[in-house]
Amino acid sequence: MIQSTRSFKIIGNLFLYLLLIIGAIVMIFPLYTGIVTSFLGPDTISSYPPKLFPVEFRWQNYIDAMNQAPLLRFILNSFIQSGGVMILQLITASLAAFAFAYKPFKGKNLIFILFLSTMMIPWESTIIPNYLFIQKIGWDDTYMGLIAPFIATAFGTFLLRQFFMSIPKDLYDAAKIDGCSDVRFLVNILIPLARPALGTLAVYSFLQTYNQYLWPLLITNNTNMRTVQIGITMLQVFEREQWQVVLAGVVTVMLPTLILFFVANRQLIRGLTAGAIKG
Amino acid sequence: MEKELTLQKNTTKQLWRDVKNWLQAIPFLAPSIIIFAIFVFIPLIRSIVLSLYGTNPIGQMTNFVGFKYYVRFFTSDTFLNSLSVTLKFVLLTVPAVIIAGLILSTLANINIRGNSIFRLLFSLTISISGATAALLFMFLYHPILGQFNYLLSLIGIPPIPWLIDVKWALIAVAIPRIWLGTGFATVLLLAGMQGISEEYYEAAKIDGAGFWQSWRHITFPLITPSLFFLLVVTTLGAFQTFTEVNVLTGGGPVNSTDVIVQEIFRSFYFNGQYGLASAEALILFVIILALTVIQFTVLEKRVNYE
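Residue numbers (the numbering used here), protein chains in the order written: chain A, 1 to 279; chain B, 1 to 306.
Worth flagging that the hints you see were computed from the coordinates, not collected in a lab.
There's no promise every hint is true.
Derived contacts from chain B toward chain A, CB cut-off under 8 Å, selection only [what the hints assert, rightly or not]: (1) P31; (2) S127; (3) A131.
Far from chain B, some chain A residues (derived; all Cβ distances over 12 Å) [said to hold, decoys possible]: (4) I91; (5) K108; (6) P129; (7) S166.
The C-beta atom is built at its ideal place from N, Cα and C for all residues, glycine as well.
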């Protein structure tokens, strides 16, 4: 009797592992084939049948990809944009969250709703005036133009406010009695305590910005100002016949976000589950 | 008289305190409010104005046209087509993402050795962008070099003209979105499942409930808030789809993948029809707003019932 339950369990577990492996294969397959193909030589890639396993390791494709498009420049541009957005979002969101969490003032609810409403307005419905505005002030093809529209965040403000409100109010009152100014309280006490929440927001906003497509497509025309997502699709347009090079480029630009995924997995997941309203 | 005077004194005092509080709070809020004003609220109003005007090629308003563009949207084949393509895209992606997410999160939630690795692999796509995903699939769809048609040929299915056939193109555009969405869905639903107290499952076990029964009567009901949130977010995202379409098909063949945002993009970026594009963008806004309002009313109900 016991014997049969145990073998039941073993069969059950094997079956479960089978399902898990099938799930993993399905989810990994496009990335896996992309990586495998990015290492194939021109003859290997064009010989039928298409390769499912790594049969060749041709690093030259990566060098070719770097030479045929300024990939490193694209990555630098994206890092400047994403880093800039990230840092400025952390600042604006901390400041606003502090006011919402600690300062009593008339019309707080109204301003709160104002923040909330920015999450309901789809970015596409304001993009035309924004595009015209950025062109008018001559910020197309600049980092300012890439960064400026995204430096305030309702999502980040709510995330930090939530965290600030979990810190006992007594701390603020005590600091006030000791003559600590609001700014000093925020910078020296609150922000060090809120590191987990700030980390979540940082990872989330960096990734969102790095993966942006429509806005950088609109406002960058100069190849040297393109971000990775735009640059890599351009590479595809020009290198249609050299898929191994295109895929080497794709893998290269994905690398920073894949690293971020493994290194900051917990922050990333916390950010996404905290409310990915703007998806 | 004296009473009145104190009252007046109190109101002045109160007013003074309000102003002081305001002056203390506003500097913290100002950076965000200014940015929102410049890049969200003013553009929204300008969008509305723009949608009522004809424009020159650099986007300056020239002549008032009233609701012409809105009328045109609902009478022209191109725009009705973009609306129906978008709806089809929503129907193709949203149910698939939710079902795949439910299956993978259920599997990932089972306590079994090595499952943390599977959790990681199932959620990998949350870090991948729409543009790179589209390029990975563009290769997989390649008629000769790509693996998809080869794998299909192994099980005896004739090659599929993924991106060039009107019948297949929208499906081909939907697949990378489903792939990306499933990673996110798994993360979200798994977080919901892990929030369920172990006690429920233990009680169910004592009552002799099997895996399927406890999933149906414990897991599923308790993750409905996450599921609902996922439904709304995925639907909103699907309505706003652009990247995959722009990279894979550019709206073709024969407008079969011409979703709303692609249509907006073409109207103003290539054709310079800023007014028309604004009207289209505002129609999208109304759709999104309606969906968001539905979300909030239903969410509120849930909160009240708890």
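Open item on the list: Hint by hint, where does the structure go against what was stated? Just the numbers, ascending.
Closed with: 4, 5 and 6
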